[in-house]
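Chains as they are written, first to last, in the numbering used here: chain A, -16 to 83; chain B, 9 to 491; chain C, 7 to 480.
Hints are not guaranteed to be accurate.
[What the hints assert, rightly or not] No more than 25 angstroms apart at the CA atoms, straight line, and that leaves these computed lysine-lysine pairs for DSS-like:
| no. | chain 1 | residue 1 | chain 2 | residue 2 |
| --- | --- | --- | --- | --- |
| 1 | A | Lys24 | B | Lys121 |
| 2 | A | Lys14 | B | Lys427 |
| 3 | B | Lys26 | B | Lys121 |
Quick caveat, the hints were computed from the structure, so don't treat them as lab data.
The chain contents come next:
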Amino acid sequence: MTEPISEKEVAHVAYLARLRLSDEELQLFTKQLGAVLEHAKDVEALQLDGVEPMSHPLPLENVTREDEVDEMLDREEVLNQAPAVEDGRFQVPQILGEQP
Amino acid sequence: MSSIIPATSLTAQTIAEKVQSGEWTALETLENYLTQIAKSDAEIHAFNTVLEDEARAAARAIDERVALGEDVGPLAGVPVAVKDNLCTKGMRTTASSKILENWKPPYDATVVKRLADAGATLIGKTNMDEFAMGSSTENSAFGPTRNPHDLTCVPGGSSGGSAAAVAAGFSPVAIGSDTGGSIRQPASLCGVVGVKPTYGGVSRYGLLAFASSLDQVGPFANTVRDAAIVHEVIGGYDPKDSTSISEPFPSFLDAIEDGVEGLKIGIISELMGDIDGISSEVIQKTREAATLLSKNGALVEEVSIPASLYCLSAYYLIAPAEASSNLSRYDGVRYGLRVDGETLAEMNINTRTAGFGDEVKRRIMLGTYALSAGYFDAYYGKALKVRRLLAQNFDEVYSKYDALLSPTSPCTAFKLGEKTSDPMTMYVNDVCTIPSNLVGHPAISVPFGSGSDGMPIGVQILAPPMQEALMYRVASTLESAEK
Amino acid sequence: MTNADLKDGWELIVGLEVHVELGTATKLFCGCINQFGDEPNTNICPVCLGLPGSLPVVNEKAVISAMQLGRALNCSVNRSVFARKNYFYPDMPKDYQISQYDQPTNTDGYLDLPSGVRIGIERAHIEEDTGKTVHIGSTGRISGSDYSLVDYNRAGVPLIEVVSHPEIRTINQAKEYVEELRGILLTLGVSDAKMEEGSIRVDANVSVRTTNEDGLRTRCEIKNVNSLRSLGRAIEYEANRQIDLYENGESPSQETRHWDESAGRTRSGRSKEDAEDYRYFQEPDLVPLNPNSEIIHMIDQGLPTFPSERRTQLAALADMDIAEIALIVERSHDDFASETIRAGATPQMAIKHLTNNLSDGLGKLTPEAFTSLLQMEETAELTSTQAKKVLGELVQKGGNPQEVAAQFGLEAIGTDQLETLIDQLIANHPDEWERFCGGEKKVQGFFVGEIMKSTSGQADGKAINQILNARTAE
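Chain A on its own, in the form it takes in the complex (with noise of 0.2 angstroms):
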């Protein structure tokens, strides 16, 4: 029986999602994974082709505001909350590889 979700995958999304996994923990969290997508199979099996996709449980629409300015906040109170920062602004260590 083919897994739902192999470990490869795992360590995939894993990084997508910038968490690392210990060998142990990409065992483990695979076969639970693997557990809850096997539960859904039962969704995965439906035949839905005509029903519309609910992304929302409101029929809402056009909420806008004007465009006025309203109360911003303190920098200092912010900057004293940042791990890291230099010259007002939030540091962060070197960024490999450009803004996608």
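Following the hints, put chains B and C in place on chain A, whose structure we already have.
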């Protein structure tokens, strides 16, 4: 069985009346609850943070205003415990996660503001499953909360702390959040009232998001009336929340005593045994509730919501998908935990790996997978269609019935550690509550007796969107009849 | 670069993705000030900082601007839905960008270029801008940097992303496209569209193919183009790079490349293996936008006349080609030109002066004065040189041309007077005259010069030549 349940509990209604009239002070009211907390929270761990100083200051301020003859509001001097995933300005808000262990938001959630404006005193931030992911509060990074009825048992989750706080007499009312049952299920397990409002009925601004199209903030209380009072205070349109309903809700309290004469109430048959794992005791209690309602003049019949059978799967695809995106912002850059790395990506990975617990990681990965190219249609896309089917089922049923009845939780409170080894076992706890989240309908859990293990059982009333008044009315009948 | 500049047998295919920052007072999803150049992290709030618990609320003005732009680009305005584009990068506070994916606000439009070509527009959708990252290290560029600093003032500023079909075939068309789009944005007043400030950013999708091919080959996306000149250089470089690869039996990889202005070349940014899976899904914190036909009608009614229509109108009025009058429209002198022409001025004459002598602006020149001046030139009351001088004065100080001409003591020399002068000259210089009649054309210059000297430059060159030629015939 070791339990911490107060002999009597004051209602918020009573407290507000007495404080507003000057008969009691907000401060002495608060002190009684703080004493209770000091006595017993070490064992229960309902709170992550007890806000003694802030609460006392707020209580004094209320008393001053009362002395000046001011109308302080419908929750005058009422202590409120708030789940630790709601922003409280300048006060620790952790979502019971290491990644936010010391974070202090620079702003208040709308709900928190409205409680304060109504005269309530914020007594503390309650423990929860990390980022609201769980059904037992065992996923907290700061240790579990114990069920006040039996300290070896879980209080339910994810709002276990809030439910326990009310059950243990630490606070007359509390606030939780409900994404798949996280208010109603712990309410059921702790023997208190818990409500999930109509989606959009209570602002989500300031609620740390888990699954945005499912999350709702709601009240815990000892009585149905108290829950309705708090619900009215926190509910209503918020321009800061685009998913907030602008249409005003009819009063929840006006018709609350009107009884159920002439109402048609459906029992959801799929939740009365079709689905595995629902205990026969729970089913029995639900039938008793049905009998009680019909004795009081309601017409009670079995109805079918066929899509209920697929709800668990659909939920465990939709919720993690949204959560995986909502939790991306915890990257060590702007706030919260940072674990350094040579490069940005390494820092992100180190931070999130150290900062998130296992259940959170599982759901993030599951959600990321469900949204991935290649799997979107089969999993997430399909789940959204199940949601539509479910909505259609409900619409059809509600064209003939006024309200619905079902168990809240498939079982009574289980032991700590009993269900932690297999995620699926834990997920099944949500099977009765998930449907209302998926379609955005209101639902309430009302305490209704106990099992042979002596632990509380709750029954659930579901109503159509914006029909909270009807929901409270039926719940109120159950509550008084059961007594 | 025209197609002629590409190697023989190869054709250039370019599609442009242009990001436009809207000049709304506040950001797209919150009430923070939308302003360039403020102190870092001073225009922030829980929403644009992506703080836990924050929620977006859409700026109505941004939506209206987006629809206006869509209609200006002849798009259909649709019911639209916001979507999350998920990826990790520090300039995105939520580590996802709220954008639009499969149901964007505007689709299926076009932009007409001054040269007459029509470029199809696939879509113009709404999304939020990111913050700004500064790389600290030896080069100031991202590679080789030690660390980076992030400013979120720009995070959440409303953007419209305009995506053209790959129908641009020359570098000139690419530049025209951007300039035309700018013109529309400025006319609408929805953006100041300054490339140097980043309120308009251009990415080019470049591919090539042989001239007898139908399909499209692999394209590369070129980023970091900061001026129109760079755009031209980057497209040229990239097209040739791709052709070279094909001619060596290789082919370009589908990738994003960065234009290096100082080195004059594009560099590989990300390889295909790192291609992001953005995991798009509908934004659950927002609800769909569904403009009704009344709103769209109102927007249509309120649209100003855009450059292409103004060009068409002026060309028709002047009975000239669009290419001949495009510059007049670009300078917004078309209303002025139209008034002049309707008052009876010769179109060619009016356009010629506007093109050559009024590039610095109209100043105090009125349409009446201009029309009158043109008439004086038409009837040879003033030479064209004299007219130019009077024009300059009218621009500076205003007034009417008759007064200014009199002020300068300008009168065109009458034909009789001119003939007399010429005859005198011929009489005084018989040798030169003989040489001129013999066919030595360059002696003409001598006679013209002498006449000019004796008339202080107020004789009309054309008239002089006419008379000289007439005399030779005798």
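A quick look at each hint next to the structure:
1. A:Lys24 / B:Lys121: 44 angstroms, violated
2. A:Lys14 / B:Lys427: Holds. Lys14 (chain A) to Lys427 (chain B) sits at ~16 angstroms (cutoff 25 angstroms).
3. B:Lys26 / B:Lys121: 23 angstroms, holds
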